[in-house]
Amino acid sequence: MAEKVGVYVCHCGSNIAGKVDVEDVAKWAGENVKDVAVSRDYKFMCSSLGQKLVEDDIKEHGLTRVVVAACSPHLHEKTFRRACSNAGLNPYLMEMTNIREHCSWVHKDRAAATEKARALVSASIERVKFQEPLEPMFVDVNRATLVIGGGIAGLQATLELADAGYPVYLVERQPSIGGHMAQFDKTFPTLDCSACILTPKMSEVGQHENVTLLTYAELEEVSGSVGSFKVKIRQKARHVVFDDCTGCGICVEKCPRKVLDTEFEAGMGNRKAIYMPFPQAVPRVPVIDTESCIWFERQKCRACEKLCPTNAIDFDQQDELIDIEVGNIIMATGWEPFDTRKIPQYGYGRLANVYTSLEFERLCNAAGPTNGKIVLRDGKTEPKSVAIVHCVGSRDERHNPYCSGVCCMAALKLGHLVVEKTDAEVYSFYIDMRTNQKNYEEFYQRLLGEGMRFVRGKVAEVTDAARKPSEQGKLIVQCEDTLVGRQQRYPVDMVILMGAIEPQRDAREMGLKCGISCSMDGWYTERHPKLDPVATMTDGIFVAGTCQGPKDIPASVAQGAAAAARVSGMITKGKVMIEPIVAKIDEEGCSGCRICNNMCPYNAIEYDAEAQVSRVITALCKGCGTCVSACPAGVISGAHFSDRQIFAQIQGALWDAWQPQDAASQDAETVPVSAP
Amino acid sequence: MKYAYYPGCSLEAGSAAYDKSVRAVLDQLGVELDELNDWNCCGATEYFSQNELVATSVIARNLALVDSEHDQLVAPCAACFLNLKKTDKLLAEHPAMKCQVDAALAAGGLSYKPGRVHVRHLLDILYTDVGPEAIKAKVVQPLSGLRVAPYYGCQIVRPLNGFDNPEYPMKLDEMFEWLGAEVVDYPVKAHCCGGHMTQISEPEAFELIRRLLQSADEYKADVILCMCPMCQLNLDAYQGRVNGHFGTSFKLPIVFFTQLLGVALGIDMKKLGFGKELVSAEPVIRSKLDGSSVGAGT
Amino acid sequence: MVADTHGAHRSKFLRDVIADTPDGEKIVHCLQCGSCGGSCPNGAEMDYTPRAIFAMIAADRREDVLTSNTMWQCVSCYFCTSRCPQDIPITEIMYSLKRMAIREGKARKSDAPALAKTFTDLVEKYGRSFEFGIASRYLLFNRPMSMLKSSGMGMSMFAKGRLALTPTRIKNVKQLQAIINKARELSQHD
Numbered sequence: 001m002a003e004k005v006g007v008y009v010c011h012c013g014s015n016i017a018g019k020v021d022v023e024d025v026a027k028w029a030g031e032n033v034k035d036v037a038v039s040r041d042y043k044f045m046c047s048s049l050g051q052k053l054v055e056d057d058i059k060e061h062g063l064t065r066v067v068v069a070a071c072s073p074h075l076h077e078k079t080f081r082r083a084c085s086n087a088g089l090n091p092y093l094m095e096m097t098n099i100r101e102h103c104s105w106v107h108k109d110r111a112a113a114t115e116k117a118r119a120l121v122s123a124s125i126e127r128v129k130f131q132e133p134l135e136p137m138f139v140d141v142n143r144a145t146l147v148i149g150g151g152i153a154g155l156q157a158t159l160e161l162a163d164a165g166y167p168v169y170l171v172e173r174q175p176s177i178g179g180h181m182a183q184f185d186k187t188f189p190t191l192d193c194s195a196c197i198l199t200p201k202m203s204e205v206g207q208h209e210n211v212t213l214l215t216y217a218e219l220e221e222v223s224g225s226v227g228s229f230k231v232k233i234r235q236k237a238r239h240v241v242f243d244d245c246t247g248c249g250i251c252v253e254k255c256p257r258k259v260l261d262t263e264f265e266a267g268m269g270n271r272k273a274i275y276m277p278f279p280q281a282v283p284r285v286p287v288i289d290t291e292s293c294i295w296f297e298r299q300k301c302r303a304c305e306k307l308c309p310t311n312a313i314d315f316d317q318q319d320e321l322i323d324i325e326v327g328n329i330i331m332a333t334g335w336e337p338f339d340t341r342k343i344p345q346y347g348y349g350r351l352a353n354v355y356t357s358l359e360f361e362r363l364c365n366a367a368g369p370t371n372g373k374i375v376l377r378d379g380k381t382e383p384k385s386v387a388i389v390h391c392v393g394s395r396d397e398r399h400n401p402y403c404s405g406v407c408c409m410a411a412l413k414l415g416h417l418v419v420e421k422t423d424a425e426v427y428s429f430y431i432d433m434r435t436n437q438k439n440y441e442e443f444y445q446r447l448l449g450e451g452m453r454f455v456r457g458k459v460a461e462v463t464d465a466a467r468k469p470s471e472q473g474k475l476i477v478q479c480e481d482t483l484v485g486r487q488q489r490y491p492v493d494m495v496i497l498m499g500a501i502e503p504q505r506d507a508r509e510m511g512l513k514c515g516i517s518c519s520m521d522g523w524y525t526e527r528h529p530k531l532d533p534v535a536t537m538t539d540g541i542f543v544a545g546t547c548q549g550p551k552d553i554p555a556s557v558a559q560g561a562a563a564a565a566r567v568s569g570m571i572t573k574g575k576v577m578i579e580p581i582v583a584k585i586d587e588e589g590c591s592g593c594r595i596c597n598n599m600c601p602y603n604a605i606e607y608d609a610e611a612q613v614s615r616v617i618t619a620l621c622k623g624c625g626t627c628v629s630a631c632p633a634g635v636i637s638g639a640h641f642s643d644r645q646i647f648a649q650i651q652g653a654l655w656d657a658w659q660p661q662d663a664a665s666q667d668a669e670t671v672p673v674s675a676p
Numbered sequence: 001m002k003y004a005y006y007p008g009c010s011l012e013a014g015s016a017a018y019d020k021s022v023r024a025v026l027d028q029l030g031v032e033l034d035e036l037n038d039w040n041c042c043g044a045t046e047y048f049s050q051n052e053l054v055a056t057s058v059i060a061r062n063l064a065l066v067d068s069e070h071d072q073l074v075a076p077c078a079a080c081f082l083n084l085k086k087t088d089k090l091l092a093e094h095p096a097m098k099c100q101v102d103a104a105l106a107a108g109g110l111s112y113k114p115g116r117v118h119v120r121h122l123l124d125i126l127y128t129d130v131g132p133e134a135i136k137a138k139v140v141q142p143l144s145g146l147r148v149a150p151y152y153g154c155q156i157v158r159p160l161n162g163f164d165n166p167e168y169p170m171k172l173d174e175m176f177e178w179l180g181a182e183v184v185d186y187p188v189k190a191h192c193c194g195g196h197m198t199q200i201s202e203p204e205a206f207e208l209i210r211r212l213l214q215s216a217d218e219y220k221a222d223v224i225l226c227m228c229p230m231c232q233l234n235l236d237a238y239q240g241r242v243n244g245h246f247g248t249s250f251k252l253p254i255v256f257f258t259q260l261l262g263v264a265l266g267i268d269m270k271k272l273g274f275g276k277e278l279v280s281a282e283p284v285i286r287s288k289l290d291g292s293s294v295g296a297g298t
Numbered sequence: 001m002v003a004d005t006h007g008a009h010r011s012k013f014l015r016d017v018i019a020d021t022p023d024g025e026k027i028v029h030c031l032q033c034g035s036c037g038g039s040c041p042n043g044a045e046m047d048y049t050p051r052a053i054f055a056m057i058a059a060d061r062r063e064d065v066l067t068s069n070t071m072w073q074c075v076s077c078y079f080c081t082s083r084c085p086q087d088i089p090i091t092e093i094m095y096s097l098k099r100m101a102i103r104e105g106k107a108r109k110s111d112a113p114a115l116a117k118t119f120t121d122l123v124e125k126y127g128r129s130f131e132f133g134i135a136s137r138y139l140l141f142n143r144p145m146s147m148l149k150s151s152g153m154g155m156s157m158f159a160k161g162r163l164a165l166t167p168t169r170i171k172n173v174k175q176l177q178a179i180i181n182k183a184r185e186l187s188q189h190d
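Chains as they are written, first to last, in our numbering: chain Y, 1 to 676; chain G, 1 to 298; chain P, 1 to 190.
Just chain Y, same shape as in the assembly:
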């Protein structure tokens, strides 16, 4: 029996209708394509009236298939599947055609775009006729959640979930949680002490009954899918037995090996070979840095072991792999600072008194290496003038084309600290001053009032090549004051580079492990940039904080809480729907060659040794189709993506070159594509 297809072409206001003659497409499909029973165009198909149109037609005309030509299925496939369900039609008998992102938005020529829309619609009509009713599957959601990254975003997400009564595993690669926020002195625009507002959250996480804290640990492997992920964590060897250590700190005090602390102190201070990154570290359990420990270097010393009152030192400790099971994962892996050496004309690493902003944060911090005194590298001279350079590695096609977003405000904050703590003159060299959150512009105004000087111009170079006596012994900042239109040179004592916020070096690799993707810049891609900012394209994996893009503390906290809310919702619901789009092996034809077993990226195929056939574990299968194309016997089929559906779709797209010969050839398992 022939199918009765309903076709609905959306104007999307002028988004589609501006470039595609949607009335023509609907009319053409109704008059020219076989089996089309109803064909309509409508201003906004996704509106409730649009949906009702589909529902009514299904009921009135007895439609057996539906094609909606509108936007991306990412946005509204669910909407129209629901409409079909409401009218009693299996939702998988509906096909969406993307004539917006794939057509109207990318073409200029109206006639050609309309022609293409016809082809896309025709392709969907031919395909939908071969679609089969499918029933969605449901799996239980494990109540535990994995949070990766113990910076402020990860801490917030952890606390929200733990406080709601759900178990959380928090994995952090550094020896302590806290992230970059722990390094800062003050926070803008309120000038709260960063540590004062952060450490209460840290200790809450450290003591929470629902939180399993795994610091100095790395994500190793993720398998499974939403609701039931299996995760392997590598607990790196601390060489301190976690449960025995009381955190007394004698080992750190007595360790004879001092090394430069390039992590927490950003190279501004030292630490010992056995260390806790900072006094308020959570947990208060040190680690031994095997790269610098005298014992690991030349089998001498063991001072820490001798002095430890609880015998907690273990030089033989090995990395340990921990297996956990969780229902959802929140990625909060944070950012890294731009390497300012990549811009040699700013002199970092060559000119002593050029600082990165993180170095300066440590310099300002009362708990930092100078106890908060702002002095030059000689350790004693207070600067008389300080230049703050914006956009170092940001808004620059040679490094990062994006705006790092937070540096303008951070520069104002650092400028304020200089004004507050010294008598120095402070200059800010900016391209555009970006202060567009609550109370940010007011902070800018405050600094204008405090006498910070603003020069609009990207700094060309920082040099010690003096041209006149007044420049001798100074760092000269050369730039164009673009508001004056002249090249200027500013001799200063200290230069602070506001380096860009960059993704973690291994963000892409970590993303691959969890099955989520990165943008070109290396930030994790959210499901929708506006309407679904913390979900990802992989169900059950969420993102929060700067791993999704540069942002400040309030925004990171908001995202951490938002991700936790999404996870809470999943746990409360208890079950999650899984798309029935999975592979199926016809056991009759399976030779048991096991080629598919190894090809499957999700380990979703098991081999039944007794029956000598392979079987798909439907709960794990993502319907990617790898096994379908790999099977030498051709006995694996992908639901919703059968050969017959795909060939029909191709033939539909080529409607003007191909005409169905007779019904018999359409029914064949594989329809040969005849050359026009």
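These are computed hints drawn from the structure, not numbers from a lab. Heads up, a few of these hints could be off.
[Unchecked claim] Selected chain G positions facing chain Y (Cβ under 8 angstroms, derived; list incomplete):
#1 L110
#2 Y168
#3 P187
[What the hints assert, rightly or not] Taking lysine-lysine pairs in the PhoX-like style, the calculated list, with each CA pair at most 20 angstroms apart, reads:
#4 Y/K468 - G/K220
#5 P/K26 - G/K89
#6 G/K288 - G/K270
#7 P/K160 - G/K271
[Said to hold, decoys possible] Here are some chain G residues the structure puts well away from chain Y; computed CB gaps all over 10 angstroms:
#8 D34
#9 G109
#10 G131
#11 I135
#12 V139
#13 S280
Virtual Cβ for every residue (Gly too), placed ideally from N, Cα, C.
Could you slot chains G and P onto chain Y? The hints should help.
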């Protein structure tokens, strides 16, 4: 190792010392240089100021003249190097321009396929292809005690070099460390010498020259090493006039890097073109290197 | 939505500059950051910094730009090009502006066009350039006073054998001239 060699007009007369020392040094290092037959002027910056198509066609003639025996063309002069390299890139990336240049070349019975000739600067050849081992092995007169200020200028490192940092190049620094010299790490080593400004507007040019001399002098350099004839001319020949203009008393010898490399390799100073510079280099080199044997070599 | 790259809304001058410069379309991405004006070794001597020039091009201030000294102060050091965060071929745009100023008879504030002409005339005659020929002809006709001042230096150069009095003529100068003539014909400019 075998390269087509494009000396450029300046090396024929004004900077014959460069040409002489390049040939002597590469010969000593076993590198074969075959001078490009009937090469013409690259036009420096002057053709590009008038007519871009003529500029690229004039340069393309040289690329077209490279025979099938060679696929690498070496230029010692900064402007020649950049012009040859830039033209090859323009032709590869801009089909419409390539079409017109093809027609112009055809009028002279020539043709050129972009990318066929790999344009290299002399420093790149010495640093990368010959390399530290081969060079160190041939050093007979280490330059210890001599403070050299490597000067890169502009067009060798910007915008197209591909072998060194455009802001803070290091390759020449490293090479002279291989030779045992005390290398001066001064901040203006890739700044401008004034280029053709010495011909057009002296006050501006003199200021640019002064900045370089002053910085090298502050860092107590004995000599400045040049890689470009224009840089050498401006720093050397105009040094007296710059002193007159600013009331300074710089007396910095400006030599081509190949000249001093030749000294380290033990080549006779006469064969390296010493003596043509206006601020004499020989006395300081001889006194610092403390060798009656200096430059007496092979 | 895809940006309209036809640029009918752009100023005539901007379209001309883009058409005359390889990769010139990048100029529309200028952020007005001034890293060009800040980097230029001669920036302090310019009537307008390159950044200001780009704003003036967009605003169609053709006369102001082409009569300015900016492009003639350019020494082709490429610092601006190498530092421009938007990868705009700034030095090449300066060349375009020089060519346009000469073509439109607006180059007034510099002797550079005269030097360029002297230089290329010699190349067209001999196939090679030589300093003495350029210096003597150019200075004699353009800056006779300056010739006197630098004569001492010229004599020293001569004494050191660094000034050739006659140029080298390439063998196939006819071929070069044929190429130049054809290129000139195709470019429709002198």
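Evaluation of the provided hints:
no.: 1; hint: L110; verdict: 37 angstroms, violated
no.: 2; hint: Y168; verdict: 4 angstroms, holds
no.: 3; hint: P187; verdict: 4 angstroms, holds
no.: 4; hint: Y/K468 - G/K220; verdict: 18 angstroms, holds
no.: 5; hint: P/K26 - G/K89; verdict: 17 angstroms, holds
no.: 6; hint: G/K288 - G/K270; verdict: 18 angstroms, holds
no.: 7; hint: P/K160 - G/K271; verdict: 15 angstroms, holds
no.: 8; hint: D34; verdict: 37 angstroms, holds
no.: 9; hint: G109; verdict: 42 angstroms, holds
no.: 10; hint: G131; verdict: 24 angstroms, holds
no.: 11; hint: I135; verdict: 25 angstroms, holds
no.: 12; hint: V139; verdict: 28 angstroms, holds
no.: 13; hint: S280; verdict: 26 angstroms, holds
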